[in-house]
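> Turn these sequences into a full structure, and let the hints guide you.
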Amino acid sequence: MTSHPYTLRWDDASGPHVVDGTAVDMHLRAPTVHRMGVTGDAWDIAVLDADGADVSWKFFNHLDTGVTR
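With positions in the sequence shown counted from 1, the corresponding number in my numbering is that position plus 63.
Hints were generated in silico from the structure; no laboratory data involved. For glycine and all other residues, C-beta sits at the position ideal for the given N, C-alpha and C.
FRET-style restraints, in silico, Cβ to Cβ:
(1) Asp114 with Ala76: 27 to 33 Å
(2) Ser66 with Thr102: 28 to 34 Å
(3) Ser66 with Trp106: 24 to 30 Å
(4) Val81 with Thr102: 17 to 23 Å
(5) Trp120 with Asp83: 17 to 23 Å
(6) Ala109 with Ser66: 19 to 25 Å
(7) Gly103 with Ser66: 32 to 38 Å
(8) Asn124 with Asp74: 18 to 24 Å
(9) His80 with Ala116: 18 to 24 Å
Okay, structure coming up:
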């Protein structure tokens, strides 16, 4: 297993952004990127696993419902 099994990506006015990290890293960054998406400052937000599958729900669903871990 790789030490950075996830990739968070999003676009904003300055261009595309890509951050690799662990599940903890994704959970730490997700709220900020989510807020940017809600305000329209970021779009095309996704978290991909090491195989390239979209696993955004693992990190963003609780933010959409207001439920915290």
